[in-house]
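Asks: Chains U and C, in that order, are what the protein sequence lines are.
Convert by adding 1 to the 1-based position in the first sequence; the result is the number in our numbering.
Convert by adding 571 to the 1-based position in the second sequence; the result is the number in our numbering.
For the record, the hints were derived by calculation from the structure and aren't laboratory data.
One or more of the hints may lead you astray.
These stretches of chain U come out as covered by chain C in the derived footprint (C-beta under 8 Å, 3 or more residues) [stated by the list, open to error]:
| hint | stretch |
| --- | --- |
| 1 | 117-125 |
| 2 | 164-173 |
| 3 | 338-345 |
Glycine included, each C-beta is placed from N, C-alpha and C at the ideal position.
Spelled out, the chains give:
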Amino acid sequence: MDPLDLARAQFATTTSFHFLFVLLTLGLVTLVAVVQTGFALTGRPVLERMARFWGRIYVVNYALGIATGIVMEFQFGLNWSGLSTYAGDVFGAPLAIETLVAFFLESTFLGLWIFGWGRLNRWAHLALIWLVTATAYASAFWIMVANGFLQHPVGHEEQGGVLRLVDFGALLVNPTFTAAFLHVVGAALTVGGVFVVGVSAYHFIRRTAEVDFFRRSLRLGVVTTAISAPFLVGAGIAQFPVINELQPDKFAGRPGLGIPLSVMMLIGVALVLASWTAVPLLARDLVIRLRFPLYLMVLGIPLPFVAAIGGWVVREVGRQPWLVHGLLRTEDALSPVSATAVLTSFIAFTGVFTALAITDWVLISRIARRGPEVTPVPRPVSALVL
Amino acid sequence: MEALWIVLLGSLTAGYFALAGFDYGTALLFRFVGRDEPERTRVLGAMTPFALGNEVWLVAAVGVLFGAFPRLEGELLSGHHGVFTAIVTGLVVFTASVQLRGNSRAWDVPLIAGALAVAVGWGWLAADLTGAPAPLWGAGVVALFAVHGGTFLAWRLPGRSGERAGALARSLVLPCAAFVPAVVLLSGSARHPELAVVGAVAVVVLLLGSRLASGRTAFACTALACALPVPVVFAAADVVHVETMAHTATLTVLTPVALVVLPLVLLFQWATWWMHRA
């Protein structure tokens, strides 16, 4: 294989892994913040246990996901130095803001939140989880600003063979950014909702003794999904006029893209219908007593992840052969590196990522299956051993 | 404004070495500092609350490199593809293992190997930039981080394990202090050798200072000794040029963000130290 194919395969692989981590992180942190707010307001022990249990799964996913984010950041300079040379003045700005505002601040807030249980004042601790949530969404915001620029470059002019920033505001109202960002937010909340519903349903199938705990969790997840899924589908549909206008050749001559697109749309519509059917069934716990919906809920856990990968493939493969649409071809952005160098990093990163993903799934499913702690939890010794 | 961003890039990178340096050092030493499993868990537990916050200084530095020095970023990373692949792989393995270690000893090998890969990787990069032999630089950075980690543990841990960490750190100070002038003498391609000499003298003084002092003061000495090679190597090898920087328009957008975020990070990272005060 030549270095271009290898570098593209590496980017696709690492980004797919990274995206799976990110979606669950964003979705879960929001639900944890909501539950912890409930605890702060009412002081109910069940809400504290919920915040700790779902928070622990969230932290596992974050701590392993952050490692994938580090690779994403380095990968641009390693394999795509042509991008930073040509468009770094414009594309680099939102990316730099993302690392400063989101990565840097978010990890600092999160470290305090993880180790702050029982040490910090209840309201200060609550403020921390909302700061983590806000910076997590800020991260998605700035990454999508950067990605929106690749789809439809705005706010720049070419001087001496490189792009210069002339209108930063244009990046923020870029139509390929706005709808896509809302779509990603909807996807993250849906992933979080479906995940919480699925894990809670699993415990009802196993006839859990923690009825109050998982009943509240299941309701929260169903309502979140019922609100976010239509929003997700709507923001998805809202992108078609933008694509038709700005990237008319996205689907033309690319019949292969129809499959991921249809899969994503089918799953989106199915989740809207399923969550809207589940909401009335929450009355008198019908959804739990009927039992068969519980099995569907468990089976539903992977669906939003599959849809998300489909959506990402459509967006990014549909941009080819351009890295920056109409300005910089992917092949021209490749670093002057040998195929061996790219292959080495491809193998190293993919190997590590696969190990991370497997570890993540094993740990999360172990914590999820075991259910909440019964005894008071001791102080954490590390981020994952809460 | 260009000067502000050069200082910012330098501070973030130096901050990363001063802070994450003791993460790696702790990982390299904890099997020697702790004699049995409960002790080893306690030794690692002294470092883990800070690990995430320490590592992200590098993430922030690379973000600044991308946003404010786009043409340097591409050249530096792609020009040292193999080195950075080793560093990033080591970082990922290390970061994940720190979080996963807990009471599970299965993560000891990836934890130590990750820290070692990162330390050797940075040494290798410094060797590439200055022309000094890579094995020497690699061993030197490993020793430097180990001294820093040992000093950190001696400060933070009570009792026997703290004493053992201090003894390990003190025994590594002299080899470290010998390595520093050696790399300066052997660095062929440095554009500004006078800077390298001044930097080397300062690092040696700091290392010897850490041996005489104890507790927080010794830790400050080794932290500075880890951070100082960053500006020295970059200045001596003449890596950063204004032509590689983004245009004023981009820097104008980024400056307020940095001015808001940095004090916040410093404040909240200080809060982390305050919450875990020794």
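Asks: Give a verdict on every hint.
Replies: Each hint tested on the structure:
{"no.": "1", "hint": "117-125", "verdict": "holds (count 3)"}
{"no.": "2", "hint": "164-173", "verdict": "holds (count 4)"}
{"no.": "3", "hint": "338-345", "verdict": "holds (count 4)"}
Every hint from the earlier list agrees with this structure, and none is contradicted.
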